[in-house]
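Could you put the whole structure together from the sequences, leaning on the hints where they help?
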Amino acid sequence: MIPIRTLAEVVALSAEGASSYRLTLRIDGWPGFEPGQFAMLSPGPQGAAPRSDPLLPRPMAVYREQRAKGAAEIEILFKRHGRGTALLAACSPGDRVAVVGPLGRGFELPAGRALLVAGGTGIASVYELAARLHARAPGSARVLLGARSAGDLMGVADFETLGAPLEIATEDGSLGTKGLVTALLEVALARDAEAAVFACGPTAMMRRCAEIAEARGAACSASLENPMACGFGVCLGCAAPLRAGGFALVCRDGPVFDARAVAWEGLP
Amino acid sequence: MIPIRTLAEVVALSAEGASSYRLTLRIDGWPGFEPGQFAMLSPGPQGAAPRSDPLLPRPMAVYREQRAKGAAEIEILFKRHGRGTALLAACSPGDRVAVVGPLGRGFELPAGRALLVAGGTGIASVYELAARLHARAPGSARVLLGARSAGDLMGVADFETLGAPLEIATEDGSLGTKGLVTALLEVALARDAEAAVFACGPTAMMRRCAEIAEARGAACSASLENPMACGFGVCLGCAAPLRAGGFALVCRDGPVFDARAVAWEGLP
Amino acid sequence: MSATNARGGEICADVDLQVELAGIPLRNPVLTASGTFGYGTEFAPFLDLRRIGGFVAKSLTLEPRRGNPPPRIAEAPSGMLNAISLENVGVDAFVREKLPALPEGVVVIASIFETEIDRYAEVAKRLSGVSRVAGLELNASCPHVKSGGIEFGQNPAVLATLVRAVRRATTAPLLVKLSPNVTDIREMARVCEGEGADGLSLINSVQALEVDVERRRPVLSNVLGGLSGPAIRPIALRMVWQARSAVKLPICGMGGIASAEDAIKFLLCGATAVQVGTQNYLEPSAAGAVVDGIRAYCARHGVRRVADLVGALETKRP
Amino acid sequence: MSATNARGGEICADVDLQVELAGIPLRNPVLTASGTFGYGTEFAPFLDLRRIGGFVAKSLTLEPRRGNPPPRIAEAPSGMLNAISLENVGVDAFVREKLPALPEGVVVIASIFETEIDRYAEVAKRLSGVSRVAGLELNASCPHVKSGGIEFGQNPAVLATLVRAVRRATTAPLLVKLSPNVTDIREMARVCEGEGADGLSLINSVQALEVDVERRRPVLSNVLGGLSGPAIRPIALRMVWQARSAVKLPICGMGGIASAEDAIKFLLCGATAVQVGTQNYLEPSAAGAVVDGIRAYCARHGVRRVADLVGALETKRP
Ligand SMILES: Cc1cc2nc3c(=O)[nH]c(=O)nc-3n(C[C@H](O)[C@H](O)[C@H](O)COP(=O)(O)OP(=O)(O)OC[C@H]3O[C@@H](n4cnc5c(N)ncnc54)[C@H](O)[C@@H]3O)c2cc1C
Ligand SMILES: Cc1cc2nc3c(=O)[nH]c(=O)nc-3n(C[C@H](O)[C@H](O)[C@H](O)COP(=O)(O)OP(=O)(O)OC[C@H]3O[C@@H](n4cnc5c(N)ncnc54)[C@H](O)[C@@H]3O)c2cc1C
Ligand SMILES: Cc1cc2nc3c(=O)[nH]c(=O)nc-3n(C[C@H](O)[C@H](O)[C@H](O)COP(=O)(O)O)c2cc1C
Ligand SMILES: Cc1cc2nc3c(=O)[nH]c(=O)nc-3n(C[C@H](O)[C@H](O)[C@H](O)COP(=O)(O)O)c2cc1C
Ligand code: FES
Ligand code: FES
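So the sequence lines, in the order shown, correspond to chains A, B, C and D. First residue of the first sequence: 6, per the working numbering; consecutive thereafter. First residue of the second sequence: 6, per the working numbering; consecutive thereafter. First residue of the third sequence: 2, per the working numbering; consecutive thereafter. First residue of the fourth sequence: 2, per the working numbering; consecutive thereafter.
These are calculated hints, taken from the structure and not from any lab test.
DMTMM-like mimics (lysine to aspartate or glutamate), calculated; alpha carbons at most 25 angstroms apart, straight line:
1. A/K84 <-> D/E215
2. B/K84 <-> C/E215
3. D/K317 <-> C/D213
4. C/K317 <-> A/E270
5. C/K147 <-> C/D119
6. D/K317 <-> C/E215
7. C/K317 <-> D/E215
8. C/K147 <-> D/D185
9. B/K84 <-> A/D100
10. D/K147 <-> C/D185
11. D/K147 <-> C/E188
12. B/K183 <-> B/E216
13. D/K317 <-> C/E88
14. D/K317 <-> B/E270
15. A/K84 <-> C/E262
16. C/K317 <-> D/E88
17. B/K84 <-> D/E262
18. C/K317 <-> D/D213
19. A/K84 <-> B/D100
20. C/K147 <-> D/E188
21. B/K84 <-> C/D213
22. A/K84 <-> D/D213
Computed footprint of chain D on chain C; a stretch qualifies when at least three of its residues, placed anywhere within it, have a C-beta under 8 angstroms from a C-beta of chain D:
23. 75–84
24. 176–190
25. 217–225
26. 238–249
27. 258–266
Just so you know, even glycine gets a beta-carbon here, dropped at the ideal spot from N, CA and C.
Below is the structure:
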């Protein structure tokens with residue numbers, strides 16, 4: 006998929022849970038995307054005049070898309086974190102957001118069954134993967150979602166509508182099982198050691214998923230979150246250390262990596 | 006009047022002529038203002054997160070006010086010029102604009118008759134003066150407004166409602182007499198050499214008013230527009246050269262000066 | 002909302018904000034920067050001066066000075082340029098008129114600059130006896146006529162002579178304010194330490210140029226000006242951290258501080274106190290907000306004494 | 002929309018955008034900066050490389066290098082910090098794999114940096130014969146191990162030795178890219194002129210530090226990094242203007258260029274050409290927009306040849 010750089014139009018912005026938002030962007034000439042790919046969004050709408058602060062675009066997973074003739078609408082689910090996402094959270098319909106994407110190498114669809122483990126904002130990266138796997142073979146993908154509290158979850162209703170097997174864990178027990186989503190993974194892998202694991206979320210969570218999968222001899226792909234300036238391999242800012250030594254670029258060689266290749270202890 | 010620093014609420018923003026806007030701000034604890042005083046407005050609304058670019062507040066004349074219990078609403082008429090005013094022009098009701106004011110020394114009300122000469126954005130500085138003089142002695146203040154074209158004028162309807170004698174000149178003749186407002190001043194002063202002249206607008210226009218008044222031996226006050234960083238006398242950035250030598254601070258000693266005291270050739 | 006302890010330092014939620022800078026005890030580590038705070042009284046409508054650690058007055062010369070013709074300021078990305086030059090009321094008028102106008106209990110640091118070393122020393126002498134002056138800040142960013150217009154603070158030998166002369170002229174706490182327009186700030190810091198300065202202030206504004214493309218001219222009448230504001234903050238933090246590693250002198254850090262978080266960055270890099278500058282223009286009450294924000298940060302992080310944050314930056318890899 | 006004249010310079014609305022930089026004829030004065038444009042091909046989806054004057058490739062070392070551990074970048078007010086260190090594919094892989102991948106007619110300038118002078122010279126030698134390489138840019142902002150980690154470009158004597166060695170190693174057009182972290186950029190410019198450089202590139206990023214107050218650590222694993230983006234533009238303009246006044250060498254100006262207006266400021270200050278850097282990250286097609294904007298400005302102002310803008314800044318008072 007050849008990425009484009011364009012000014013997208015904000016179609017809708019709505020609250021998603023307690024601290025997150027759903028942003029719908031209309032993009033002319035959007036080429037489509039693969040599950041796990043992302044886009045770079047300007048930190049807030051492009052206003053009536055150029056402002057150089059904050060400067061850098063923010064990487065955001067493409068949650069899903071609706072293609073229409075010529076144009077497409079893509080959805081972004083994001084959590085309000087710092088300045089850029091605070092400004093994005095203040096978008097109004099009709100505002101323009103600069104978008105570069107789709108970018109990166111996404112998830113490789115597994116031949117057999119899959120366990121999708123996502124925590125916090127990582128949930129936004131796995132919906133499309135779940136949708137494609139479920140469409141190919143209903144029930145072949147089991148989705149495990151985790152968050153600190155029910156309000157920190159994103160997109161749960163979409164996963165339910167999708168109909169793929171779904172389990173939820175919250176640390177405070179406000180929804181689903183009380184505890185960590187990695188606990189759900191241990192149980193699920195124990196039941197089905199053949200399944201391939203796909204993880205996205207906080208580094209600690211993904212690292213734990215990698216350990217659990219490795220212990221069971223299961224394959225594990227993880228989608229990393231490193232700070233990025235460009236998103237397409239030129240600033241070299243997003244380097245992730247590899248077990249084999251050296252670095253990979255999260256934006257170009259990832260964001261999805263074979264978990265065994267990553268030197269987890271060296272991540273930011 | 007002791008100035009305040011506060012976040013004002015945008016009550017309304019509407020187009021004013023072709024390239025200008027009328028901004029209505031609700032300000033708690035607004036102490037009132039004297040004709041010719043100004044306020045420093047943040048360059049655009051204070052958004053969902055702090056942004057350091059553009060940085061400096063913009064000086065804007067207080068056009069007029071409506072005092073209510075506790076709070077007041079002030080109006081600002083401004084022309085879209087560069088980044089700051091472009092961002093202000095994109096305000097929506099409910100937005101917050103940082104305001105410091107009222108600031109500066111305004112017009113001293115004359116004992117007798119007055120000729121108010123204003124060009125372009127300078128018009129915003131003289132409305133309150135016209136209103137107070139007209140209220141004191143109807144007809145004692147004659148208002149001469151000028152602009153390149155009819156669309157560049159601001160507040161004309163308000164002056165008409167006010168009922169003070171009003172003459173208009175546009176360079177392209179699209180409204181009122183064709184030509185410069187300074188031509189109207191020459192005629193008016195010829196008729197009434199006793200009147201005190203009050204000028205606000207482009208430097209060239211004010212300088213010409215000063216010459217005309219001096220030739221007739223009439224008093225002339227002019228409201229200068231210099232770039233400002235603070236607006237209350239601490240950055241020393243707004244210095245205007247004086248005929249007597251040295252500088253005055255436009256924000257503290259002005260913006261209104263006796264035209265004879267100003268070294269016009271030395272202004273930016 | 003905030004009591005005061007024996008030594009006059011504020012305590013709130015058990016946080017002691019008091020620090021000592023170059024022998025000057027400060028209620029809290031937040032001062033305001035020379036040239037951005039006038040002579041203090043201008044801020045009375047916006048801020049109770051007794052809420053902040055103190056302020057540094059506009060730099061003083063022997064005689065009153067008029068400064069540069071306009072334009073003197075220009076906007077820049079996340080900052081501004083200024084070329085005010087030496088405009089000030091002169092040291093005598095400052096002592097006679099400006100100081101008495103200030104409320105009791107306000108800590109005042111007088112800043113001095115001049116074009117010749119002996120004149121610097123003379124200004125320092127005249128300020129020495131003055132009871133309301135808690136200390137002196139020697140502004141070394143002034144062009145030195147004799148060395149072809151380069152700043153005193155840009156040449157180690159010239160800087161040494163200057164500091165020595167002023168040190169001889171006064172026993173008051175002496176901060177030397179360094180120019181950032183140098184290859185190695187550590188070298189300049191060592192010179193000041195060697196010549197008996199009591200502390201360092203850094204950074205002054207960074208030499209810069211802004212252009213008006215329509216008129217094809219510099220925006221400033223002086224062509225060059227000093228860049229200040231958030232744009233220079235990461236440069237200032239670097240220099241404070243470098244100076245900290247080179248000398249034992251206490252440092253008063255500044256450059257683009259707009260919030261408590263910014264101020265804390267300077268403390269962590271080794272500044273004992275900070276100065277708020279350009280932000281005062283857009284937010285005249287900024288320094289007070291920085292004090293409150295530092296107190297809140299300390300309370301949130303269980304820091305009992307703000308002094309414990311000074312130099313606490315952890316640079317070893319986890 | 003744009004024809005080409007005899008010598009291949011673009012003409013549109015009667016504007017000749019062609020310039021010659023250090024003996025390299027350029028279609029227009031807009032290049033892209035080393036380290037911000039990869040090896041060129043990454044921008045194919047966003048920009049036709051033949052629309053711009055050319056690009057400077059990521060700095061090359063003798064051997065492939067891996068660079069610093071993360072975090073390598075941090076956001077700053079109107080800018081960013083980076084500490085990528087030496088990461089690159091190495092000079093041989095560049096010649097073997099990267100160059101052939103570029104479309105014909107793209108002007109490529111190879112940037113070189115190293116930790117030792119003889120290694121610099123060797124990299125230059127290996128690039129000399131290469132037909133696709135229009136010129137070399139010597140990145141002098143690299144820490145020199147032998148002189149205690151200070152940058153080659155921070156010490157006039159070291160810089161002189163470096164430029165001399167590289168000059169001997171190649172006959173290709175040689176631009177020396179200066180470090181802005183110096184007291185007097187003019188002195189460094191003169192050194193380069195004296196040692197036979199064909200031109201200057203300035204400025205490289207400004208040494209800076211950003212702090213994470215929650216973790217009380219530097220944001221970058223390397224502690225210090227280079228500040229780039231609009232924040233440094235007024236500093237860059239000042240240095241270009243100063244260098245222009247000190248030497249006859251053509252100058253390639255950069256630092257925070259985000260628009261055609263920004264680029265024109267550099268031309269007016271004396272730069273023969275410019276480089277777009279950090280802006281490429283947020284706007285991969287930026288350099289093309291700058292070319293169009295310069296053309297429009299020239300047409301609007303009746304400037305027939307963009308070269309007429311070079312150094313046209315009027316500094317005398319009206
Ligand atoms: C490939 C990828 C996909 C992502 N997808 C999503 C998503 O779908 N939904 C979502 O809510 N978040 C997602 N993130 C994280 C998101 O990019 C950050 O939350 C966001 O950049 C924070 O910006 P800010 O302005 O709010 O925070 P600030 O603290 O103001 O950001 C300052 C700088 O740090 C960077 N930064 C801060 N936190 C992160 C982070 N966690 N990851 C990367 N850079 C960071 C910012 O990009 C910016 O450059 C993704 C990150 C990556 C790398
Ligand atoms: C006392 C006073 C009262 C004013 N009252 C009004 C008013 O009522 N209505 C109105 O439309 N305009 C008024 N102006 C002019 C107004 O301040 C400028 O048009 C405005 O600052 C331009 O900002 P910008 O961001 O659009 O332009 P930019 O070019 O982006 O501004 C860049 C910098 O230059 C300064 N600047 C640019 N033009 C001017 C100018 N003409 N005067 C002062 N500073 C300038 C800006 O404040 C800013 O610091 C007044 C100016 C002064 C000094
Ligand atoms: C308009 C203006 C005038 C200044 N005048 C002085 C001065 O007289 N003496 C001095 O030591 N510093 C002066 N400074 C520098 C500031 O004190 C401070 O060192 C610099 O602006 C960096 O801090 P900031 O970014 O917070 O403003 C001035 C700065 C500005 C913006
Ligand atoms: C991430 C990054 C990497 C860079 N790498 C190099 C480099 O390898 N060689 C070099 O000479 N300059 C390098 N630079 C500096 C730029 O070429 C340029 O000089 C500087 O960023 C100022 O221009 P700008 O503000 O437009 O980015 C790099 C800059 C950035 C932001
Ligand atoms: S974000 Fe720039 S190389 Fe990955
Ligand atoms: S605007 Fe600051 S002194 Fe007048």
